[in-house]
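Trainee: Chains as they are written, first to last, in the working numbering: chain A, 1 to 290; chain B, 1001 to 1407.
Derived by calculation from the structure, the hints in this document are not laboratory data. Nothing here was measured: the structure is a model prediction, and the numbers come from that model. Glycine included, each C-beta is placed from N, C-alpha and C at the ideal position. Careful: at least some of the hints might be erroneous.
[Unchecked claim] Here are the computed distance ranges between Cβ atoms for each label pair:
id	chain 1	residue 1	chain 2	residue 2	range
1	A	60	B	1358	52 to 58 Å
2	A	164	B	1388	50 to 56 Å
3	A	2	B	1315	33 to 39 Å
4	A	78	B	1388	41 to 47 Å
5	B	1401	A	149	55 to 61 Å
6	A	60	B	1314	29 to 35 Å
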Amino acid sequence: MARFVALLASGIATGAILAVVALGFVVLHKATGVVNFAHGDLVTLGAYVALWAGTDLGLGPVPAALLAVAALFGVGVVIERVAHAPLRKRPAMTVVVATLAAALVLRGLVALWQGSTPRSLPPLLGDGTVRIAGAPVAVQRIVIVAVVAVVLAGLAFTFTRTSAGRQVRALAADPEAAQMLGVRTRGASMLTFGLSAALAGLAGVLVAPLSAVDLGFGFGLMVTAFAGAVIGGFGNLGGVALGAAVIGIVQQVVGGYVLQDWAPALPYAVILVIVLLRPAGVLSTGGTRL
Amino acid sequence: MKKTWGLLAAAALALAACGGQDADDAGSGGNGSGGNASADESGPITIAALWEVSGESDVAVDDFQRGAEIAVAALNEAGGIDGREVVLERFAASPLDPASTATAVQKALDAEPSAMVGPLVAGQIQATSAAIERGGVPVIPIGNADPTVIAGGDSASDHVWFVNSYIPALVDAGVDYLTEDLGLTEIGVIGTDEPFGQTGVEQAIASLDEAGLEPVGGEQLYAPDATDLTQQVLAVESAEAVVNWGFPNPIAVQLNQLVQNDIAIPTLTGPSAPVVVDNGLAEGEAIDDLLAVMTCNPGVDESDASTAFVEAYEAEHGATPSSNAALAHDAVLIAAAAISDAGSSDPAAVQEAMADVEVTDGACAESYAADEAHVLNHQIQIVAYAADGSSTTEKVVEGEPVARADG
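Given the sequences, and given the hints that come with them, work out the whole structure.
Mentor: Structural data, given as C-alpha cells:
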C-alpha cells in the first residue's frame, strides 16, 4: 500500500506540474493562435530568476518564487511586443518561427547570465517529508499539488467571472467578432502572453527544487506537457489538466508496477491510444472555448 | 488542419535540433597564428582543441580550455617542443550536437595541426570517426573510452587515443569495490536510458553476474532529464547499495529521494559525482554515502604533478580544477610528448609515435601508455564523499590493458 501511495503521490505531483506547463501554452494558443516554442525556456528562466533572487538578492524561497512569477509575466509581455505584435498579420508559421528564435535568444541570454553549470534551487517550504498511509511524500510535492489546485481555480474564476478573462475567451472563440464588439486585441494579447509566461515561471520554481536547474531543464517538460495538452484536446482548461494528470499518473504508477523499462515512453503511448479513440481529446466538445 | 500540425511538428523538430547547436564557430585559445605544421618543421606547432567554452551551448564549461592552456603555457615556458612554440587553436564542438563536431573537425583539419585534443563524448567520435581517419591527424578525446569507439570498435578510428579511462573498466572496478571490499551482495543497478547510461548499466550487471549476483529490482533505466525517480528508488529499497550510472541532475534526484524515503544505502556513480557535490545539487545526508569511481580527484591527489597543476589552476582561476581540466591538460602533454618522440610535427609521424608514447608527469593519471585499444589511461580511483562535501580516495586501482575490439 505504501508503495502505491508513494507512486500515486509522485504521479499526481508530476501531473500537476505538467498541467501548469500545458495550460500556459494552451491559454496562449487559444487566445492568439500562437504555439509558443519558447515556453520551455520560460520554464527554465523562471527557475533561474528564483535562483538569482535567492542567492543575489537574499530573498527567501517563497518571495523569490513570487518575484520570478511576476518577472516572467513581464518577460511574456516583452515577447508579445517583440516577437508577436509586429508579426500579427503574418502567417501563423512566421510567428511560430519567431517563437523559436525567442527560445534560442532566451537560452543564450540565460547561459551568458548564469552559465551552464547545473544549480540547485531550495524547496519552497523546506526539504522535509510527511507520511501518507505509510508512504513518505516530499513536502515540495504536496506544495506543488496545492499551488496548482489554487492556480487552476484562479484561472477558472478569471476566465468565467472577470471582464479581462471574458475578453480573452471572446478572442479565442472568434477574434474578428470580438474586435467588432470592442475587445482590445492588443491588451488581451499582452495579458495572455504575460499570463502564459507567468505559468511557465511558476512551473519552473515549483519543479526545480525536485531536480537541478540547467539550461535544457524546461524543454523536456514542455514536450511532455504538450502530450498532456493533446490528450486533453488542446481545448478547455479541465481537459488539459486531466490530460496532464493522466500522463503523470500513468508514467509513475503504471511504470512503477509494470512496463518499467517503458515508463518514459508511456505518455506517448497514451497519446496514440487517445488519438485513435478520441482524436479531439478526452473532454473536447469540438469547440474552441477555453 | 493537418498541414498546420505538420508544420508545427516540423517546427518542434527544428527547435530540438537547434537546442544543441548554439555555436560552432571557431574561437582561439592561442595566438591565432595557426601554422602549417606538417609542411614547416621550424615554425610554431599547432594543437587543435575540439571543445566549447561557457556560453556556447547548454553544457559548455571552461574547464577543458583552462586545463589545456595551463599545459601549453608550461610547455612554452620550458622552451616549447624541441624549441618550437606550441599554439592551441580552439574549434567549438558541442557534445550535444554531432553536426557541430563534424564542422569543428573539418575546420581543425584545415588548420593543419599536428594533433587534436577533444572532443568530449563518444557520440562526437562516432559522428566524426571517418573524417578523423581521412584527416590522418591523431585525436585525443577527453571523455571516457566507450566500447564502440576504442580501436577496432564499430565506430572507431585508429587515429583516436583516449586520455580517459575505459567505461566498463570503471564500472567493473566500482562493482568489485562494493562486492569485494565492502562485502555487499544486494546491489541495485539504475542508469540513464541513453548510450552512456546503458553502457554503465550493462557492465554493472555483467560484473554482478561474474560475482554470482543479480541486480536487486532488475535493470532500472530512466530518462536523462528525469525529475522524479520514485519508481527506481522504491525498486532498490531492499538493496544494500545502488549503482547509478547517469548524469548529475538525475543522480542528485536519486540521492535526495533516497533520503526522503529513509533509505540509507551507498550510491556508487561515475564522473558525475563531483558535479553533484561541487554545485550543491545534493547536500548533507544525501551525499554522505556517495561513492564515485573516477580517473582522478584533483585537489585530493597528492602526486607532485597533480599538486603543481592544482596550484597553477587555482592561481589563474581561483577554483579547484575538475578532473576534466586535468585530463585536458594531460591530453596536451601526451600530444606534445608524441610530437617530441616523433622528432617531427608531421601528423603521420606523430600518429606513429602515439603507440609508444609514455607520459609520467600527468596532472590526472601518474602515467599514460597506450594499450592495443588505444586507451592511454588505466588509473581508477574509488572516491568517498562526506556530508560536508569533502572527499577521500578509498582505493586506487591500476586497470588492465584493454584489448582491441573486434567490431
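Trainee: For each hint, tell me whether it holds in the structure or not.
Mentor: Hints, verified against the model:
As the Cβ distance of residue 60 of chain A to residue 1358 of chain B is approximately 56 Å, the hint placing it in 52 to 58 Å holds. The supplied range of 50 to 56 Å is met by residue 164 of chain A and residue 1388 of chain B, whose beta-carbon atoms lie about 52 Å from each other. Taking 33 to 39 Å as the suggested C-beta distance range, the pair residue 2 of chain A and residue 1315 of chain B does not conform, at roughly 54 Å. For residue 78 of chain A and residue 1388 of chain B, the Cβ-Cβ distance of about 43 Å falls inside the hinted range of 41 to 47 Å, so the restraint holds.
Between residue 1401 of chain B and residue 149 of chain A the C-beta distance comes to about 60 Å, which sits within the given range of 55 to 61 Å. In this structure the supplied range 29 to 35 Å holds for residue 60 of chain A paired with residue 1314 of chain B, their Cβ-Cβ distance being about 33 Å.
Consistency with the previously given hints fails for number 3 only.
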